[in-house]
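Novice: Chain by chain, the residues run as shown.
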Amino acid sequence: MNDSTQTQGKQGWWRRLSAGLRRTSASLGGAVADLVTKRKLDGAMVEDIEEVLLRADLGVDVAARIAAAVARGRYDKAISADEVKAVVAAEVETALAPVAAPLAIDAGRKPFVILVVGVNGSGKTTTIGKLSAKFRAEGRAVMLAAGDTFRAAAIEQLKIWGARTHAPVVAREHGADAAGLAFDALAAAKEAGTDVLLIDTAGRLQNKAELMGELEKVTRVIRKVDASAPHAVLLVLDATVGQNALAQVEAFRKTAGVTGLAMTKLDGTARGGILVAIAAKFGLPVHFIGVGEGIDDLAPFAARDFARAIAGLDDEA
Amino acid sequence: MFDTLSERLGGILDRLTGRGALSEADVDAAMREIRRALLEADVALDVVRDFTARVREQAIGATVVKSVTPGQMVVKIVHDELIATLGADGQGIDLNAPPPVAIMMVGLQGSGKTTTTAKLARRLATRDKRKVLMASLDVRRPAAMEQLAVLGRDIAVDTLPVVAGQTPPQIAARALEAARLGGYDIVLLDTAGRTTLDDEMMAEAAEVKRTANPHEVLLVADSLTGQDAVNLARAFDTRVGLTGIVLTRVDGDGRGGAALSMRAVTGKPIKLIGTGEKTDALEDFHPSRIAGRILGMGDVVSLVEKAAATIDAEKAARVAERMRKGAFDLSDLREQLTQMQKLGGLGGLMGMMPGVAKIKNQIASANLDDKLLKRQVAIIDSMTRGERKNPDILKASRKKRIAGGAGVKVEEINKLLKMHRTMADMMKAMGGKAGKRGPMAGLANMMGFGGGMPSPEDMAKLAEKMPGGLPGGMANLPKDLPKNFPGLGGETPGGGLPPGFPGLPGLGGKPPLPFGLPPGKKK
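Quick mapping for you: the protein sequence lines, in order, are chains A and F. Per my numbering, the very first residue in the first sequence carries number 1; after that it's consecutive. Per my numbering, the very first residue in the second sequence carries number 1; after that it's consecutive.
Simulated from the structure, these hints should not be mistaken for lab results. Warning: the hint list may mix true and false statements.
To be verified - Distance condition first, Cα-Cα at most 25 angstroms in a straight line; then the derived SDA-like pairs of lysine to any residue:
{"id": "1", "chain 1": "F", "residue 1": "K374", "chain 2": "A", "residue 2": "R220"}
{"id": "2", "chain 1": "A", "residue 1": "K134", "chain 2": "F", "residue 2": "D154"}
{"id": "3", "chain 1": "A", "residue 1": "K217", "chain 2": "F", "residue 2": "L372"}
{"id": "4", "chain 1": "F", "residue 1": "K418", "chain 2": "F", "residue 2": "E321"}
{"id": "5", "chain 1": "F", "residue 1": "K371", "chain 2": "A", "residue 2": "E216"}
{"id": "6", "chain 1": "A", "residue 1": "K217", "chain 2": "F", "residue 2": "V139"}
{"id": "7", "chain 1": "F", "residue 1": "K371", "chain 2": "A", "residue 2": "K134"}
{"id": "8", "chain 1": "A", "residue 1": "K217", "chain 2": "F", "residue 2": "K371"}
{"id": "9", "chain 1": "F", "residue 1": "K374", "chain 2": "A", "residue 2": "E210"}
{"id": "10", "chain 1": "F", "residue 1": "K371", "chain 2": "A", "residue 2": "E210"}
{"id": "11", "chain 1": "F", "residue 1": "K131", "chain 2": "A", "residue 2": "K217"}
{"id": "12", "chain 1": "F", "residue 1": "K278", "chain 2": "A", "residue 2": "H174"}
{"id": "13", "chain 1": "F", "residue 1": "K278", "chain 2": "A", "residue 2": "K134"}
{"id": "14", "chain 1": "A", "residue 1": "K159", "chain 2": "F", "residue 2": "V139"}
{"id": "15", "chain 1": "A", "residue 1": "K159", "chain 2": "F", "residue 2": "R153"}
{"id": "16", "chain 1": "A", "residue 1": "K159", "chain 2": "F", "residue 2": "D154"}
{"id": "17", "chain 1": "F", "residue 1": "K374", "chain 2": "A", "residue 2": "K134"}
Looking at chain A on its own, in the form it has when it is part of the complex (with noise of 0.2 angstroms):
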């Protein structure tokens, strides 16, 4: 914890994401060092690797699989801890590789609209002002469409970020049909010559078929301006949720055609491991991982550096 403060400065992405998993690297790691120091590997060991990994939710099913690859053709052999993470950052990363890929802007769609969803107080509308200072940085031309109009100031929080940005900020008034909205902002987009629209909705639980109609009338809305229109659903997951994230993750993918996810708080969480569970179900690109509260901390999902953070290794550089 005393190393706080360095994490405030410039440094490379592997440090800034291995601070903000500093946790799940501890706790992990820490556990696993705990179970094997000086141990022969036998069914109790395995069930003890199991139950650390159940602790960083990967879920029972991915924790079982793990730990029996843990396991396989090691009994009764002496293990290091240090074995034991990198078969653990092993399995792991084998689960993530192919999920993890960026989110690939395509130039030839103008504006390429990105849709954003997700359950309430996942962190979408700070999402959006951290991909809008991304894409900024890029050199894009980034519009903001104030699509949550159920929560109260989330427009206002919206048009603070656009602010910050320098991306303008398509609104109508709290309670005004999203739908509506994203349409009226496409077209504005389309008039302005913008590279990418990003549309922030209003959060909703999975569970509420009202509401994910309502999503999907976005979705139709959007197509009437343009039809290949939203280029990318990206779902947005707090990493703090457990095992509702896969029925999460099925819903959205259902009614709004998810394509890609960003999982979020990964900074404060000892966990993040529901990501391996989700990426076994559901093989959907895994996008970004926000791991602080900067505007910059939004990083691209990397497979190897987090399954090397999760499994309590240092990196090698």
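Dock chain F against the given chain A, drawing on the hints supplied.
Specialist: For chain F alone, kept in the frame of chain A given last:
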């Protein structure tokens, strides 16, 4: 999920039937399934471990009651132990202090603090008739203060004017000062969301607490939280010191294991639960309901309570009286449909039924949503008074007119009429024996027909009956529904659209023990 757990346990324990007591080996096998079920419900591992150890102790040697299977017996023990762990009922917000009573809200980002603050303010102001002041101490998130101010305007509760550049402890001090001068009873302090790792922010929260000396410090936590719930609760409790927990997003389809984790780790009571996006969606916490959810058993008690609170008892009594006489016309049906809408529509109802959670999405995809109710009401609204009273006069030309008026097809009118006829017939049939002790007494009572609130025993009985009470019209549900789904069996009169509760007579044959155990039966 309960069904699954019950089935799984059944598979392990069924061969025990008749042997009388549960052996150690059997219980161990059962515990593995329970452990898995709890982990899938996001109960933290340590808590799961302690918990299964306690259940194991109780289960070994427990005598199996004749009428239940050993699997059900174990589930019963698990359920009871869950309730015991979740704590006693009815620990409300403690306002017993000299005014202004400060209540501080803490939690992670996005857990729902600001919304919960407004909900609590509304509850204290309208239900408890207190003068409430809200203050946002969130100087970090853009427009957070604005959000609280807007919510305050919506619910007509005062918010502390924003002064730029103040630190949270300064704002807290100013809020208390303003409350003292303004004669407020309660001050709600909405703090910024923080991560448990952020020492600076945690120190700031502690500082605010020192300044404001709040009577309650409530941790606002997402019920969808995973294994991290223990760390989160522990961190806030040790760094800031909590007096209670508010669970949010309980209306999601998460299983709420976080509740058990946080309660077990901190020993602090769960005082309130957030059950919706609107500012009135804040309810008292009842351990039995969360216990049912963790096991996937639905929330029958909530349903009953909600029904009792929402249904206009007088109107219901009138309808019941008419039912008894066999004079149940379309106006009465309309009454029933609108009351059902008030209960949150089909979706809301189904969510609370045991075992239904799983098929809810299928229902949603089958478009059996509230539109259906609305459409049925529209059909009835398009009829003349005479037609409503005497549907028999509805011939083709009238139906055509009604269809035009309601914007539906004629066949939908036919469906509605058929549903009404089935219901009316059944009501007539039971009219004679609809006495206090009749099979429908419980249900009628619950729907407010008997007048007065159902007693806990009635509710328990109801819990037993309810699933069978699913209307026969449910036969229209998607084909891939589980065949053995309670109340969906072919034995209930089919046809018509799912009238939901109006279809009370749908209480067909004996429900296949949907609740696992006849409630009230003790080991």
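Novice: Going back to the hint list, which numbers does this structure go against?
Specialist: 2, 6, 7, 11, 13 and 17
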